[in-house]
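Undergrad: Using the sequences and the hints, build the whole thing.
As they're listed, the protein sequences go chains G and F.
Residues 1 to 76 in our numbering are what the first sequence spells out, letter by letter.
Residues 1001 to 1222 in our numbering are what the second sequence spells out, letter by letter.
Honestly, I wouldn't trust all of these hints.
[Stated by the list, open to error] Chain F is faced by these chain G residues, among others (derived, beta-carbon under 10 angstroms):
hint, residue
1, Leu14
2, Gln17
3, Met75
Since the hints were made in silico from the structure, they are not lab data.
Glycine included, every Cβ here is placed at the ideal spot set by N, Cα and C.
Each chain is listed here by its residues.
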Amino acid sequence: MKARVHVMLKNGVLDPQGEAVRHALGALGFDKVEGVRQGKVIDLDLAAGATEADVTAMCEKLLANTVIESYSIEMQ
Amino acid sequence: MKAAVVVFPGSNCDRDLAVAFEQAGFDVSMVWHKDSALPAGVDIVGVPGGFSYGDYLRCGAIAAQSPICKAVIEHAGRGGYAVGVCNGFQILTETGVLPGALLRNAGLKYICRTVDLKVATADSVFTRGYSAGDVIGVPIAHHDGNYFADADTVKALQDQDRVAFTYEDNPNGSVADIAGILSENRRVLGMMPHPERAADEGHGGTDGTAVFRALAGMVAAA
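TA: Written as structure tokens, this is what we have:
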């Protein structure tokens, strides 16, 4: 079983990396981009029996800092 | 007077912090990240700067889960003194001992230079050697020093006089110019600038020594 965790800075938290990417896209002529947010993807190979609740616990304890980041989980 | 300095794989300011404690009169033990207990009778724990565990995942995130950090959290929970500098500040926020989080610098650049810090409160064991409003020169060296907390947390820090230091010319985008904060019981200090790198004339200044001397004076008197 696999799980994919997406970690993103929360809305309202300045994302200077995303902003730099947006700026670079603009410089390349991609002028239809109004905003960029950059996050990370963490793929987990899980042993049999692991549940989404387990992955949620992992996110809360380590994978995301919930002061500044939100996360979403895809079980695959 | 006993101080312990935690050493993580990737710490690089551990010895500087130990020397600053020693100069202030502390006996210093270095404590390895895999240890699960602090040496008996430790008055203060120093969590040093550096790049613990390579800054993987987030700065301080993996260090915050280490066995020794559980002991540090317990020490703080008992009302023990602790100071986290730079990566140590990041670690203390990741453990929840201090509120908020450190984000990438707003300018996206690693910054390494001496900055002017204003002492925001002299009402703590760490800052009582200064007067509120003093401006001191202390080096910073970080890529992720942009202090963030939600508006309610920032207001609480300000209302409770828990902002220890602010930047005179904010280098990294920190909310409310915050460079260092105190825990609710005022016994834990986290700050991005490095007072231990301003603790010897050979460093170019000694404005940081008052942090360690004031602490030593308080512990000795206790």
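Undergrad: Against this structure, judge whether each hint is valid.
TA: Each hint tested on the structure:
no. : hint  : verdict
1   : Leu14 : 7 angstroms, holds
2   : Gln17 : 6 angstroms, holds
3   : Met75 : 21 angstroms, violated
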